[in-house]
Amino acid sequence: DTGVSQDPRHKITKRGQNVTFRCDPISEHNRLYWYRQTLGQGPEFLTYFQNEAQLEKSRLLSDRFSAERPKGSFSTLEIQRTEQGDSAMYLCASSLEFSGVLLYNEQFFGPGTRLTVL
Amino acid sequence: AQRVTQPEKLLSVFKGAPVELKCNYSYSGSPELFWYVQYSRQRLQLLLRHISRESIKGFTADLNKGETSFHLKKPFAQEEDSAMYYCALTRSYSGAGSYQLTFGKGTKLSVIP
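Chains as they are written, first to last, in our numbering: chain A, 10 to 127; chain B, 12 to 124.
Heads up, some of the hints might be wrong.
To be verified - Here are a few chain B residues that face chain A, going by a calculated C-beta distance under 7 Å:
| hint | residue |
| --- | --- |
| 1 | Leu55 |
| 2 | Leu57 |
| 3 | Tyr110 |
| 4 | Gln111 |
| 5 | Lys116 |
| 6 | Thr118 |
| 7 | Lys119 |
For the record, the hints were derived by calculation from the structure and aren't laboratory data.
Just so it is clear, CB atoms sit at the ideal spot from N, CA and C, and this is done for glycine as well.
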């Protein structure tokens, strides 16, 4: 499978614990996005990487959240001191920027990591 | 603030009937509009985008800037069209920077045999 992969697919944790999710984008994709989706809502943007640089963060990303993309390849999203409100599906997407107008912004999504905080 | 509104949470149609999934948006400037689809137990995937003006799986969507709408249409629904559909927008391409998607809440389409 050459698509975006995420690990784990499901995570159950107790309130106050730390969790870390991993995203492997499509190889050669230089853009990587994290989204969060809660029940009955569409995905909401969390943060964006261009290669290894984290260039934008949503106000949804509190200081308990941190994301990295070392070497511009895979990315991790860590949530510290989890709260029940963090329960959601965390989606990763990647895209490739090039000069062609038609295809520049197709984001390819991973299967998501479903987090349940008890 | 940018916003995407999908007024219907659930839309049920009979097989062979026409389908229209509504999408309205609010954006200062000229956005790029997309429809994403999520079939049962599958990941979110791009269905179509307005700049390519293409028909995918019989679906089309026309951007109406006057009404700020981007409704998704198909003349004859098929059972395999049953899925969750999300309308989304991002800023028009202009080089560097983030192009995060702003999604609507989605419409669940159910095609009745």
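Legend entry - Hint check, Lys116/B versus chain A [nearest Cβ-Cβ separation less than 7 Å]: Because about 5 Å separates Lys116/B from the closest Cβ in chain A, which is inside the 7 Å limit, the hint holds.
Legend entry - Lys119/B as chain A interface residue, shortest Cβ-Cβ below 7 Å: 10 Å, violated
Inset, instruction - Grab the minimum C-beta distance from Gln111/B to chain A and call the hint holds if it beats 7 Å, violated otherwise. - result: 4 Å, holds
Inset, instruction - Using 7 Å as the Cβ threshold, decide whether Leu55/B counts as touching chain A. - result: It holds, given that the least Cβ distance between Leu55/B and chain A is near 4 Å, below 7 Å.
Inset, instruction - Grab the minimum C-beta distance from Leu57/B to chain A and call the hint holds if it beats 7 Å, violated otherwise. - result: 5 Å, holds
Legend entry - Interface restraint verdict for Tyr110/B against chain A (beta-carbon cut-off 7 Å): 5 Å, holds
Inset, instruction - Please verify that hint: Thr118/B, Cβ, nearest Cβ of chain A, below 7 Å or not. - result: It is violated, given that the least Cβ distance between Thr118/B and chain A is near 10 Å, above 7 Å.
Hint compliance for this structure: hints 6, 7 are not met, and every other hint is.
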